[in-house]
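Asks: Protein chains in written order, with the numbering used here: chain A, 1 to 752; chain B, 1001 to 1215; chain C, 2001 to 2148.
No lab work stands behind these hints, which were simulated from the structure alone.
The structure displayed is predicted, hence computed values, not measured ones.
Be aware that one or more of the hints could be misleading.
[Said to hold, decoys possible] Restraint-style ranges between C-beta atoms, simulated for each label pair:
1) C/Leu2007 <-> B/Ala1108: 42 to 48 Å
2) C/Ala2118 <-> A/Asp706: 54 to 60 Å
3) A/Gly517 <-> C/Lys2094: 35 to 41 Å
4) C/Glu2123 <-> A/Lys89: 47 to 53 Å
5) B/Asp1129 <-> A/Pro632: 36 to 42 Å
6) B/Leu1130 <-> A/Lys35: 22 to 28 Å
7) C/Ala2016 <-> B/Thr1194: 52 to 58 Å
8) C/Glu2044 <-> A/Glu574: 54 to 60 Å
9) B/Pro1112 <-> C/Ala2118: 28 to 34 Å
10) B/Ser1031 <-> A/Thr705: 29 to 35 Å
11) B/Asp1129 <-> A/Lys747: 41 to 47 Å
12) C/Pro2090 <-> B/Arg1125: 25 to 31 Å
Note that the Cβ used here is the ideal one computed from N, Cα and C, for glycine as well.
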Amino acid sequence: MAVSRREFLRGSAAAVALSALGVPALGADAGGPEKWVKGVCRYCGTGCGVLVGVKGGKAVAVKGDPNNHNEGKLCQKGALLVPAVIYAKDRITDPMIRKGGKKSQLEKVSWDEALDFATKRFKAVIAESGPQAVAYYGSGQALTEESYLANKIWKAGLRSNNVDGNPRLCMASAVAGYLTSFGKDEPMGTYNDIDSASCFFIIGSNTSEAHPILFDRIARRKESAPDVKIIVVDPRRTNTARIADMHVPFKPGTDLALLNGMAHVIFRDELDNPSFMGRYTIVKKGAGEEATLEEYKRFVSEYTPEKVREITGVPAEDVVKMARMFAESPATISLWCMGINQRSKGVWANNLIHNLHLITGQIGRPGATPLSLTGQPNACGGVRDTGSLAHLLPAGRMVENEKHRNEMEDFWKVPRGTIQPKMGFHTVALFENMAAGKVQAVFIHCTNPAQTLPHLNKYTPALEKAFVAQTECFMDAETLKYADVVFPAAFWCETEGVYGCTERRYALTEQAIPPLGNSRPVIQVLLDFARGVGVDPALIPYKNAADIWEEWRTLSKQGPYNFYGITRERLKKESGIKWPCPDETHPGTNLRYVRGDDPLVPKDHPNRIFFYGSPTGKATIWLRPHQPPFEPADADYPFVLTTGRVIDQWHTATMTGKVPELHRAYPAAFVEINPEDAKKLNIKNGDQVILETRRDKMAFPARITDTCMPGLVFCPFFDKNKLVNRLFHDAVDAASKEPEYKICATKVYKQA
Amino acid sequence: MPRNHVLPRAVLIGLVAVLAASAWGLSATSSREFCLSCHEMSPQAEEQRWSSHALSADKKPVACAECHLPPGFGPRFVAVKIYSGLKDAVMHFFLPDGSQPGGGLIRAELQPQARRFVDDDNCLRCHRDLYKDARGEQAVSELGKIAHDSYLGKNGQARSNCAGCHRNLAHLPVFDRRLDANRAFAERIRKELTLEQARAEQNPNEHNQKEEALP
Amino acid sequence: MAAKKKLLLFLALALALVGGFFLYISLAFPGSRCEAAKHPEAPEKYSDCLECHLKVTPMAAQDWRESKHGVLLVKCAVCHGLPDGKGTVPFAAKPGVREICARCHEPAMKQMVEKYGARLECESCHPHHQNPMHRKAFEAKKPSKTSF
């Protein structure tokens, strides 16, 4: 290896310098942080552990936590959180009020005045129209303690079930999928399964841009074992497909046929697992009627590879190949995200993926599991598990189940009958009722609905009409245009709290620095707000987040979400623990529902797997027919428009947009057009292109690339100057109420 | 005295003779045929045939010296002639691997050296307007404008000469053929070499026609 | 003695000429300009360093795209910062190992130090633009690098 003279001299100088500093060359040195505080990344549902470097009371650096699942790695978003996002110039540091109504400007006021202004209005609304006229709209980015507290305040304190959150727009179908297939929410596998899988079935997920560190883990798994196969099913040939053995593009919205087609081939070629099905599954159809396995096989026999090709455009031999890869591999893991969830038949799509694992027995073993990828950092731990949705109560309980309500009323020490028996408004219904004047005051926490709701033109009037109290950190959030009261929230490591990520891991972000300016931890804001609105102080006797955690932990002891062993002390010492974890000596659970691994399965249980969340102890195979999306392409609107993420920008870019490196990578939205389509429409790279749907029209610069298949166009949704959601409809899944953000019909033409 | 007449005159004649010989030598050793008389240069010659710089705008074959030697006969030209002449002679006579078609030269090490000695004036002789495309017909692309502004010092300051950015214009070693920027050039080489091989197999006696008809 | 002096003088002159000649060569044909290079300013729509650098520094750009960092979309600015210097990452053609690489690779670096002692530079075995997907890191080094 030739070393040039210059390199040698340089190297020698470096060696001298390094040896002067002492070996090892790494580690804390004179100019670096005084201490490193453990936490969880503020961004996606991968939930990477981070260490925030603090010096002189300021956050000066961030690096990956070597003891968490990410082993020190971070993607560019997490790696650039400090200092650009925390100390952004437009951090909101004082409470603000619109004194003169929606058209007036926001003015800075004191905390007392802001809280007073908000609570007075909420009290008046409740007095006049009852507690169903107020609502809380929360977030999968809020801390677990915050969501639990808000849920309790509303459902037990104010006696309103209008508690919902942005996970409704993101994970609701996955929740309902797990509930209907297995009895309880949340995946049974973990990231460890990535290291043991021999076949990856990735559908409706651009993992390389939405969950980069998981993509890294998948790529390393493939590199380490030559027989590992990766199937990427996506109408777009994304960067994720770069490592795939098979990339399967299909006509958008036809994946239900494709999944049923795979099941067909599995039965046809005798790759199914009758012993597993016999022992561990029951079959259902429709709204829950019992069915038989024979019925299911007959149902699936219609989805021949030829018929699937007609519906989806996927060649018949590819359907067969995919099915064989899935079934014949020693351990198959499925990963999916919004492509499957944000659909008008999202729950059914989830069920069909679970079906494939159940008919082949690819479940309950290392590497074999259906692992739903969560988008936000705390949709699982904060909203799903604490039951902070309109139809839920903590730990998998349902509002409309009297026994569940009574359990919660007893635990929360409120009289029986306190909790309303009818579920509250889910997100889309909430904003509909706000627009209609039925819900008159809303507390929005840690989310940006003015950019992220579907069919924005229909729902922004709701924000104009209702009284909006909002917690927010950044001045450029679109929703601030409609806020009547703004509470500046302490941001991320300025306060302490728990995040629960995709793999059932609860991890603590410790407070690294004091809240900036006059911002306050949202726990405090919620407590002050609740007391001001008249909630019984006995219901909310907490001093801090740790108190709330104590209560939630104790509550979980009684059921299948048992994480009683995850104490605050353990969270401080360890880098996250996976529940179920019933006592302090338990290390956490990898294979849920599996005897010997899952502590909630009795050690003497007759079967290896026990789906204790389901009343029969078995999982459910569902007959789900293919149905097209709500608004497929047609003669008038011949293209399909879809949206999604890009690696550098998180959601509405209020955080990532502050980082010059990330902002520069994607300063503005664009529309991806296939070169064939571009040629027919005479569009060149950079041309302004109009996308016109039945709801609105908008211009985007064109990016000609072969990522999208012909007939499909793609826009990212991060740009507040191009509110793509104005173009989309608000059709929701009938069961989960999650909107279909992934498919609508559009015209595409060059701007004159 | 007769000796005084003879010596200065002899010196003068000698000087003139040396100058004339040098001039003839310098130009004779700058011709395309001379450069290519060393077998080490055969890969470069072959690649140039399929490059964008095989023929000039008026369809004449581009000689090696047109790019690789400074224009004119000034001190730059003479300096390079001496320097590369010495270098080439040393390499040719003392390099071990004479059996290889490329003379065993490590082309990756040659490239930066070759780029050093390609004068910008040689490029500008044909490509006079930096804000027009290579053929001088349409405006250069937006990125090209930014790059050339940088070269001229109007927008930042590029560090390299023409050849430092515009590489692989005439020659394309194997390890550079994978680069996207060279895709068209690599395609032509691949296609033509295959054709040549096919022709050589059919007509084994005609394989020495390399230096003839250029496309 | 005068002859010897003349000889010495002649040799010195010859050496000076030869030395001067090589000095002239290195100054008149610098390869890269001696003035400090300054990155051009591009309008914001050229957000992607890659678009230009695929043409200007094709080897580095394509190496990156085919390497692990490219597959994982660890983009230029994440390590190199922004050329106008206004980013959070300090602009550097060669990013510092302890400041930049350690942000994500510290556990592996610590392991290397423990096993092999402090090394001069990581990139002598782990070329950051050329770490391919399917070979061991230390086999990756190719003979040529883009250089200015």
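Asks: Is 25 to 31 Å respected by the C-beta to C-beta distance linking proline 2090 of chain C and arginine 1125 of chain B?
Replies: With a Cβ separation near 42 Å, proline 2090 of chain C and arginine 1125 of chain B fall outside 25 to 31 Å, so the hint is violated.
Asks: Lying within 29 to 35 Å: is that true of the beta-carbon distance serine 1031 of chain B to threonine 705 of chain A?
Replies: Check failed, 48 Å falls outside 29 to 35 Å.
Asks: With 35 to 41 Å as the target window, see if glycine 517 of chain A and lysine 2094 of chain C comply at their CB atoms.
Replies: 38 Å, holds
Asks: Using the beta carbons of glutamate 2123 of chain C and lysine 89 of chain A, state whether their distance is inside 47 to 53 Å or not.
Replies: 36 Å, violated
Asks: Between alanine 2016 of chain C and threonine 1194 of chain B, does the C-beta distance stay in 52 to 58 Å?
Replies: Holds, at about 55 Å.
Asks: Looking only at beta-carbon atoms, does the pair aspartate 1129 of chain B, lysine 747 of chain A fall within the given range of 41 to 47 Å?
Replies: With Cβ atoms ~42 Å apart, the hint holds.
Asks: CB of proline 1112 of chain B to CB of alanine 2118 of chain C, is that within 28 to 34 Å?
Replies: 31 Å, holds
Asks: Could you check the hint for me, namely that glutamate 2044 of chain C and glutamate 574 of chain A are 54 to 60 Å apart, CB to CB?
Replies: Violated: the Cβ-Cβ distance is about 44 Å, outside 54 to 60 Å.
Asks: For the hint 42 to 48 Å, verify it against the beta carbon of leucine 2007 of chain C and that of alanine 1108 of chain B.
Replies: Holds: the Cβ-Cβ distance is about 44 Å, inside 42 to 48 Å.
Asks: Just to be sure I understand the hint, the distance between the Cβ atoms of alanine 2118 of chain C and aspartate 706 of chain A should be within 54 to 60 Å; is that true here?
Replies: 46 Å, violated
Asks: Starting from the range 36 to 42 Å, see whether the pair aspartate 1129 of chain B and proline 632 of chain A falls in it by beta-carbon distance.
Replies: 52 Å, violated
Asks: Does the Cβ pair leucine 1130 of chain B, lysine 35 of chain A satisfy 22 to 28 Å?
Replies: Between leucine 1130 of chain B and lysine 35 of chain A, where Cβ atoms are some 55 Å apart, the hint is violated.
Checked against the numbered hints given earlier, the structure breaks hints 2, 4, 5, 6, 8, 10 and 12 and satisfies all the rest.
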